[in-house]
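Read off the chains here:
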Amino acid sequence: MEHIRTTKVEQVKLLDRFSTSNKSVTGTLYLTATHLLFIDSSQRETWILHHHIAAVEKLPLTTSGCPLVIQCKNFRVVHFVVPRERDCHDIYNSLLQLSKPAKYEELYAFSYNPKQNESEQVKGWQLIDLAEEYKRMGVPNAYWQLSDANRDYKICETYPRELYVPRTASKPIIVGSSKFRSKGRFPVLSYYHKNKEAAICRCSQPLSGFSARCLEDEHMLQAISKANPSNRYMYVMDTRPKLNAMANRAAGKGYENEDNYSNIRFQFVGIENIHVMRSSLQKLLEVSGTRGLSVSDFLSGLENSGWLRHVKAVMDAAVFLVKAIAVESASVLVHCSDGWDRTSQVCSLGGLLLDSYYRTIKGFMVLIEKDWISFGHKFSDRCGQLDGDPKEISPVFTQFLECVWNLTEQFPQAFEYNEAFLLQIHEHVHSCQFGNFLGNCQKEREELKVKEKTYSLWPFLLAERKKYENPLYNPDCFPELTLLEPNTASFNFKFWTSMYHQFDRSMHPRQSVLNVIMNLKEQNKQLEEDIKELEAKIRQRKGQSDGILVKEHQQSAHPAPVALKTPPCFKKEQPPIPGNDAVRTIEGSNTADNRYSELVSEFSKAEPAVVSLEYGVARMTC
Amino acid sequence: MEFAELIKTPRADNVVLHRPFHAAVEGTLCLTGHHLIFSSRSRDNAEELWLLHSNIDSSEKRFVGSLGTITIKCKDLRIIQLDIPGMEECLNIASSIEALSTLDSVTLMYPFFYRPMFELEEDGWCSFLPDKEFELLSSVTDEWRLSCINKDFSVCPSYPAVVVVPKSINDEELRRVAVFRQGSRFPVLSYYHRKNGMVMMRSSQPLTGTNGRRCKEDEKLINATLRPGKRGFIIDTRSLNVAQQARARGGGFEQEVHYPQWRRIHKGIERFNILQESLIKLVEACNDQSHNMDRWLSKLEASNWLTHVKEILTTACLAAQCIDREGASVLVHGSEGTDSTLQVTSLAQIILDPRCRTIRGFESLVVREWLQAGHPFQQRCAQSAYSNSKQKWEAPVFLLFLDCVWQILRQFPCSFEFNEQFLIMLFEHAYASQFGTFLGNNENERAKLKLPQKTMSLWSWVNRTEEMNRFKNPIYEANSLVIWPAVAPQSLQLWAGVFLRWNRPSKYLDEAQEEMVRIIKYNKELQDKVKVLRRHLAELEEDEGMRENP
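Chains as they are written, first to last, in my numbering: chain H, 193 to 814; chain D, 35 to 584.
Hints are supplied without guarantee of correctness; some may be wrong.
These stretches of chain H come out as covered by chain D in the derived footprint (C-beta under 8 angstroms, 3 or more residues) [said to hold, decoys possible]:
#1 535-549
#2 660-674
#3 703-710
SDA-like, lysine to any residue: derived pairs with alpha carbons at most 25 angstroms apart [said to hold, decoys possible]:
#4 H/Lys-724 / D/Lys-333
#5 H/Lys-713 / D/Asn-557
#6 H/Lys-475 / D/Asp-577
#7 D/Lys-558 / H/Glu-354
#8 H/Lys-554 / H/Glu-354
#9 H/Lys-734 / D/Leu-571
By construction, these hints were calculated from the structure, which means they are not laboratory data.
Cβ atoms here follow ideal geometry from the backbone N, Cα and C, with glycine treated the same way.
Isolated chain H, as found in the complex (with noise of 0.2 angstroms):
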């Protein structure tokens, strides 16, 4: 608490991000140790968790006060008008402070309580068994084993301790070829595949420089290729453009070189480094941010800031992993610098479209857990939990979403999951409410006491999950390991409104069919239950059509003739699932909204602009 110095202040303006007439609502403003809270005169709240907050601006000064604006890592942007510079300048001082806590203690999730007892939380941390996960997939097996050479975090700090490999690595094979790779990142099993019995490989690039070779590492990779008795070809594929691979080189690293090893392809398939991403998705923002913005500019932002480039480059990449395992049965290794970023991108695209569980709710967890968050992707980094280096920073996880996203619109029926999902994995990736995100790598996680001190978010996710679930899923249609083979032309990548404009209702469409559907299903559910129960119930009166006796029992059991006068089925016309949703907005859907023109505006008043409680975080928080 020590970082706030005011806690209310009032007549506070939010101004309406789109409009050009500069339309607003007037509330209060309250800053409390987790959130920024507004409440307009209508009551309505926008809650804003201050680790979402990604930058803080204070504009220069105006007739009608200080203008603060806040940018939110869920691309929530508001703008407030405060009064008095001096409550603005003390709020942006705390925002300042509160956004970017110095040590992880400060974060959310340590003081986050759910009312949890302590075995409902270990039993939450339990939810997502690794080791279940690799058993799934089939190995260990004949050419598979675990490694505990990792087991004290002593080889690869990054790593987790539990780590699958070639039955014919021996330890010296693994040092020898994790002291050959950038920051230990040893090649390493990511996905198996039991049918084509071919592996996803994962680690980082080689040290390799000019002309180095270490023959541990050659012997590391052959060991892969063997273990794959289907195709004694594997791939290699360098997830980085090849001149930045090449740039490598002169610093010490570099990539692997063919004639070194044996019965290799190695692949570049160009993807950006993190540095690129940031400043890509920066671009679009601001363009997407832009006021009466026509659809010229918005085009032409969206080519200029290369983010759908990006997003193709990294599903045409997922793509050629899965050609290789799926066509050919050979094994990959994938790799990009240090094997943190692209590299979990591309794996955990790869096994998405091989094996139809990481489709599943629950799949998809065991997927973040396995090739993001054990692997070491540096989501403390990325997301910049601390205050830190901002070049750090980087949307990959994000970028990563945007992916799968584009797979459930080209397969509306492979995944038992919805956007909605995928949105609030987004919102609590960086919330720090949680503790499956927070630090770098597991050996942090560790030292943080995560398990013990923190709660796991997926239990959070499953116990809501008829909000999660996609109603159009069909696993018949894509039994265990069924293929996806997206088409990956230009024109099916989309901007992700629902994304980038979350919180831009007016945006977004007015109705949900999914929402109508999904309301329909659960309807559909209770009227098969309400048929069995009437069925029962003419079942008996017809078996005792004299039986008073019986009668008067089944009465007392059931007291329920009058009740039967309103059936049940009824009830669920006001569905539990934010399905009325769309009747609502409906209303809510005013021309003031859409800025058609603002000079009939002028003299329309102003209507206040939708701002609201969104995605329930605020609900789980407080």
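Chain D: place on chain H using the hints.
Just chain D now, kept in the frame of chain H:
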């Protein structure tokens, strides 16, 4: 003329048909006066393709040795390729296709030859007669009347025989107004907003010229629609600049001094060849799978298609906003009042009037605001995206309207009784059809061609229960509210159902659609079953009650 003269080789065997995302099929090609028919020979997978010659936008032939290849580009944007063995056969077929797809006489078109194989439930030519529409109006207001001033199309050749005008204006005054408006398109009623009695009228530009000519009757006519003390809006679908230039050519716009109760708003909606070029560029971009992302986006941008969509939608929303939110009456016009004007008035009605979101209501809207209002379909839809000729009259005005409807449908998927297929069907029939509905440029021409007598109406076919079911939106729930679409660039999308229809596999999307329909159907079955069971149970209980208390 005998079609047979144009068909030197009526049949070719061993022809191979290539389509994107389909395996090549070998079969027999037949040419008839109106169709190109391809049927595959394989017994287990018999396939037939019937293509109307009038659907062919352009065709090209190419030879490799004696194997000829004809590439056919259709107005519905599909591209097919036929490999025809034998140079002579191929040349003959190519020239027949060329000739038959470019017949210039309307009366040779297929609708004049088509004999329906279905039983007629209603005659679509009589489904949407103006007097029936007017009955609906006169039940809520008596300020308007039907005028037969144009009964022989002598006052305004592009207007229908009867029009709705303010009661306080007599036919003599109308005649004088007609002289003051381009093409004699005097202001007529387009839409009456029951909620507040406000109206939308449409017309062509006033012929003010450079010296600011005025017409008292014109002023009287449009002022007649204003409530005392209220102002109205004139939405000019041209930019101020364009409107000013029009004065030099005798056209112009309503000057404030003469129309003090009206406020003029200019919105630049493009027309004619600019739209046609936009379509050509867009389709070219969509048809190339190999474009990298930058190229795709820059081509999509350069086509300007979505800019046009946004501009039209925004103007329609503005008109609707004036009527519903400002409680003001509106007059919409551009130059001729046959293109952008109709886009705006018809879209505004979809936004405002729930009836226009039903199947019949939408059909009626198309009839009123497009066919009867004199949108020159025959000129505009003569060629589509593959046209080579630089004719001035073609423009995808109607397609843009449908695209805008689709954008609204996408944003309010539960508020329309029809589905996307319905819109696509209208697009197809506007460009090539066995029905006479979209032939001719206005009612005058249609009457002269005796279309109602000689051809079948599209509505006769569509409104049969069987066909209708294909076009019904399974999640439709009547919504009496005004629906305001979002028009930000982030909210608009490329209409994949039309522009990417032939360029991507749709298996998974189709299956998802089927699943959706299945869930909805199952829901209905369950509801019915519950009702039956509940009734049954109630009867049993009643019986018991009777037995207990005889």
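Hints, verified against the model:
no.	hint	verdict
1	535-549	violated (count 0)
2	660-674	holds (count 4)
3	703-710	holds (count 5)
4	H/Lys-724 / D/Lys-333	violated, 58 angstroms
5	H/Lys-713 / D/Asn-557	holds, 8 angstroms
6	H/Lys-475 / D/Asp-577	violated, 75 angstroms
7	D/Lys-558 / H/Glu-354	violated, 52 angstroms
8	H/Lys-554 / H/Glu-354	holds, 21 angstroms
9	H/Lys-734 / D/Leu-571	holds, 10 angstroms
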